[in-house]
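Going down the list, the protein sequences come from chains A and B. First residue of the first sequence? That's 1 in our numbering, and the numbers climb one at a time after it. First residue of the second sequence? That's 1001 in our numbering, and the numbers climb one at a time after it.
It is worth saying that the hints were derived from the structure and are not from the lab. Hints should not be assumed to be uniformly reliable.
Stated by the list, open to error - Below are the EDC-like pairs computed for lysine to aspartate or glutamate, each with C-alpha atoms no more than 20 Å apart in a straight line:
(1) A:Lys58 - B:Asp1100
(2) A:Lys49 - B:Glu1097
(3) A:Lys49 - B:Asp1100
(4) A:Lys68 - B:Asp1100
(5) A:Lys69 - B:Asp1100
Said to hold, decoys possible - Negatives, chain B to chain A, calculated, CB over 12 Å:
(6) Thr1020
(7) Glu1062
(8) Phe1065
Owing to the predicted nature of the structure, the values given are computational and were not obtained by experimental measurement. Yeah, the Cβ is synthetic: ideal placement off N, Cα and C, and Gly gets one too.
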Amino acid sequence: AQSVTQLGSHVSVSEGALVLLRCNYSSSVPPYLFWYVQYPNQGLQLLLKYTSAATLVKGINGFEAEFKKSETSFHLTKPSAHMSDAAEYFCAVSTILLIQGAQKLVFGQGTRLTINP
Amino acid sequence: DAGVIQSPRHEVTEMGQEVTLRCKPISGHNSLFWYRQTMMRGLELLIYFNNNVPIDDSGMPEDRFSAKMPNASFSTLKIQPSEPRDSAVYFCASSLEGKDSPLHFGNGTRLTVT
Chain A
1 AQSVTQLGSH VSVSEGALVL LRCNYSSSVP PYLFWYVQYP NQGLQLLLKY
51 TSAATLVKGI NGFEAEFKKS ETSFHLTKPS AHMSDAAEYF CAVSTILLIQ
101 GAQKLVFGQG TRLTINP
Chain B
1001 DAGVIQSPRH EVTEMGQEVT LRCKPISGHN SLFWYRQTMM RGLELLIYFN
1051 NNVPIDDSGM PEDRFSAKMP NASFSTLKIQ PSEPRDSAVY FCASSLEGKD
1101 SPLHFGNGTR LTVT
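Next comes chain A alone, as it looks inside the complex (with noise of 0.2 Å):
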């Protein structure tokens, strides 16, 4: 079954300085992996996803995430945070089914990230 590993429930970072928000997945067969970014009482909000495209992705808000298939990692990676990125993310796997058409995200189990002037 595939799952995903997220490392750090919590990360702090300056204001200015590099994002990484680490993700490992687990899938027997290739992955669509996702980020998603929830802000305070809202839902989840997608950023970006792979789909066997590119390997390096580029999301909204300057964030971009790599596809490692010898790493089993889809880390998340912004060169400069910024106050409004302060939020929750989450990494997220699509697994395969049964029944064609029908398909289901698994998630992390998220990462807190705190911004400081």
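Let chain A serve as the given structure and place chain B on it in line with the hints.
Below, chain B without anything else, positioned relative to chain A:
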């Protein structure tokens, strides 16, 4: 598009009462998901539907929980009777078919059972 619409945003009820959460997915989306989020367990998938048919309800915690999708534009999650441990934020999400289709989440219903 208005996005996924959930109601109510907040619900406070007493233990033993019935609670009904509602969701209107994005028009045209044929997959619908109910998630529960708590500090202890994180984001848990409760049940999901494809073309209005329940595909997997293995995440539903107990028989007290039930979900329906009578048509493509409406779904409910019911808890009867409610218990304090059901207190959580419940999210509804919808998507198109396909393994690479992202989920679109509603803003959630914060349920407090006293």
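Worksheet item: Has the given pair, lysine 69 (chain A) with aspartate 1100 (chain B), been kept, meaning a C-alpha gap of at most 20 Å?
Response: 18 Å, holds
- prompt: Is it correct that the beta-carbon of phenylalanine 1065 (chain B) has no partner in chain A closer than or equal to 12 Å?
  reply: 17 Å, holds
Practice problem: Mind checking the alpha carbons of lysine 58 (chain A) and aspartate 1100 (chain B) for me, to see if they're no more than 20 Å apart? | Solution: It holds: about 16 Å lies between the C-alpha atoms, which stays within 20 Å.
Please verify whether lysine 68 (chain A) and aspartate 1100 (chain B) have alpha carbons no more than 20 Å apart.
18 Å, holds
Please verify whether lysine 49 (chain A) and aspartate 1100 (chain B) have alpha carbons no more than 20 Å apart. OK: lysine 49 (chain A) and aspartate 1100 (chain B) at ~8 Å, within 20 Å.
inquiry  = Need the status of pair lysine 49 (chain A), glutamate 1097 (chain B): alpha-carbon distance at most 20 Å?
reply    = 15 Å, holds
### Query
Is the nearest Cβ of chain A still more than 12 Å from the Cβ of glutamate 1062 (chain B)?
Fine: 20 Å to the nearest Cβ keeps glutamate 1062 (chain B) off the interface.
- Taking the closest pair, is the beta carbon of threonine 1020 (chain B) still more than 12 Å from chain A? 19 Å, holds
Comparing the model with each earlier hint shows no violations; every hint is respected.
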